[in-house]
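Work the whole structure out from these sequences, hints included.
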Amino acid sequence: MGFNSSKGPSFFDLLTSQADQLVIGVDLLRTLFSAPEDERKALRKRLHEIENTGDELNHQLINKLNQSFITPFDREDLSDLASALDDCMDLFDEAGDLLVLYQVDNIPEPVDGLLSRQIDVLTKCAKLTAENMPKLKRPQDLRDYWVEINRLENDGDKAYRKTLKHLFDTGLDPVTIIKLKDIVEVLEKCTDAFEDLANTVESIAVKES
Amino acid sequence: MGFNSSKGPSFFDLLTSQADQLVIGVDLLRTLFSAPEDERKALRKRLHEIENTGDELNHQLINKLNQSFITPFDREDLSDLASALDDCMDLFDEAGDLLVLYQVDNIPEPVDGLLSRQIDVLTKCAKLTAENMPKLKRPQDLRDYWVEINRLENDGDKAYRKTLKHLFDTGLDPVTIIKLKDIVEVLEKCTDAFEDLANTVESIAVKES
Amino acid sequence: MGFNSSKGPSFFDLLTSQADQLVIGVDLLRTLFSAPEDERKALRKRLHEIENTGDELNHQLINKLNQSFITPFDREDLSDLASALDDCMDLFDEAGDLLVLYQVDNIPEPVDGLLSRQIDVLTKCAKLTAENMPKLKRPQDLRDYWVEINRLENDGDKAYRKTLKHLFDTGLDPVTIIKLKDIVEVLEKCTDAFEDLANTVESIAVKES
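Each protein sequence line maps, in turn, to chains A, B and C.
The working numbering applies: residue 1 is where the first sequence begins, and numbers increase by one.
The working numbering applies: residue 1 is where the second sequence begins, and numbers increase by one.
The working numbering applies: residue 1 is where the third sequence begins, and numbers increase by one.
Treat the hints as calculated values from the structure; they're not laboratory data.
Do not take every clue at face value.
What the hints assert, rightly or not - Only part of the chain B face toward chain C is listed, based on derived beta-carbon distances under 10 Å:
#1 17
#2 62
#3 75
#4 78
#5 80
#6 83
#7 94
#8 97
#9 101
#10 177
We put the beta carbon where it would ideally sit given N, CA and C, even for glycine.
Spelled out as C-alpha cells, the structure:
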C-alpha cells in the first residue's frame, strides 16, 4: 500500500481529476449564463452531474487515505486539498442553481458584461488549477500558481465591486437587484474558494519546505 | 490526569452535552418561529440561556485541555469539535434573534411551510449529532452519521433554494423579502454548520484510522 | 537561522507590525466613514496602501518560515496567525470600498450613530490586538486578550442587530437599505475576523500549554 500503490489512481491523480472537473464545470456555467431559458435546466442537470463526479473523487481520496499506510503529505493536508477543490465545485453548482432559479433575463449592460468578466476570471482560475495539480508532488515549485491565483482573485474582487456599483445604478426594480446581487456574490465566492485552495497549497509548501 | 481522569466529565461527556444543548436549542427555535409576537422575546431569552450553557461547556473543554497531559485525540481536534458545535448553536441563536428583530408575521405559503421544512432538517441534524457524539471514542464507526448529515445538508439546500424562489414570487414588498431572505439564509447556514461539524468528525476518523 | 536569527525582524515583530497596520487601518476607516464625498477616494487609496503593507508583512513572514529551520510555534500556526491578521485588514479594505462605492450620504439616525458604534468596537479590537501581539511569545498569558475580544465581538453583535432593526424602520428606499445593510454586515464580519484571530491565539495557547 502507501502512495506508490499500483492499485488505482494516486492521490495526485485524484486531486488532478477533481481540478479537471472544475474546468468542465466553469465551462458549463458560462454556457448556462448565456443560454436561452428553455435550455438552462438541462445544463444545470449536467452541472449537477459534474458536481457529483467531483464528490465521488473527493470520497475516493478519503477512502484511499483510510487504506494507505504511507501518504505523500499529512493526511489532513490531502483531505484539506480535496475539500478545497470540492468547495470550488459546490459554488459553481450554486451559481448555476441561482441562474436557473432566479430566471433573470436581459440583464442590462454593463452588468451583463461585468458578470461574464467574473466568469472569465473563474475560467482562468480553474484552468490554472488543473494545470498545476499534477505538479503537487513538489508544492514548493507551485509558487507562481498561488501568486497568480491571488492576483486573479484581486481582479475578481475589482470586477465584483464594479458590478455591484453599476447594478445599483441600473434603476432596476429592487427585487431584480437582490437577485442579481446574489449571482454576483456567489461568483465572487467562487474566486475566493480558488484563493483558499491556493493558500492551502501554499501552506503545505511551507510545511514541506 | 489525562482523559481517564475521574475528576469531572470526560471530553466526550462535554461534547455530548454541547450536542444535547443543540437539541434543546432547535426545539426552542421551532417554538419561537410559530409563537405569537408577545411570547417571542421570552423564548429568545431562553434560547440565549441555552447558547450561554453551550459556551460554558465549550470553555470547560478548553480548560480541561489545558489541564490534561493525555488527550483522546489531538488537542486541536478536540477544540475544533467544541467550536464546531458552538458554531451550530451561535447560528440557532442568530436565527432566533432575527425572528424577534424582524417581527415578520403572517408569512405567506408556501414560504412559511418551506421555512419550517428547513427547521425540520435542523431538528434531524441536532438529534443525529446528539445521538452520535457519545460514540466519538471510535470516530471510524460514525461513518453513517457524517454520510446522513451530508445527505440532510443536501435536503436543506434544496429546501433553501426552493424557499428563495417562492419568496421572490410572493410579490411581498422588497423590505419584507430582504428580511425573510435573511432568515432563510441563516437557517441554511445552520445546516452548513452541522455539515462542517460532521466533516470535522470525518477528518478525525481519517487521522485516527 | 531559526527564530533567534539576528537577520531581520522576528516572527513576533512581523505579526506585531501587521497588527499595528490594523490600528492605522481602522483609523482611516473611521475618517472615511465621516468624510465628505470628495475626500473619500483619497482616503480609500491610503487604506489600500495600508492593506498592501499588511500583505507584504504577511508574505515576509511566509518567506521567513521558508528560511527558518527552527520556528517559535508550528509553521502552520504562524501562517494561520498572519493570515488571520490579513483577513481583518482585507475586511477593513472592503468596508472602505463599499463606503466609496455606494456613496451613501446623510445616513439617518440612529443608523449613523450605530454604524460608528460598530467602528468603535473595531477600533478597540485593533488596539487590543496590537497591544497583545508583542506578548505572543507566551500565548498562555494572553487569556485576557482573547476573553476581551470575545466580549467585544458580542457587543459588536448587539450593535449589528440593533442597526439592522433600525435600518429597516428608517423607511428609506429598498436600494439604499440594501447598500447600508451591506456596510453594516461587512463591519460585523470585521469583528468576527478579530474573534477568529483571538481564537487562533487561544488554540495555539492550548497546544503550547
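Please write out, lowest number first, the hints stated earlier that are contradicted by the structure. Of the numbered hints, just 1 does not hold.
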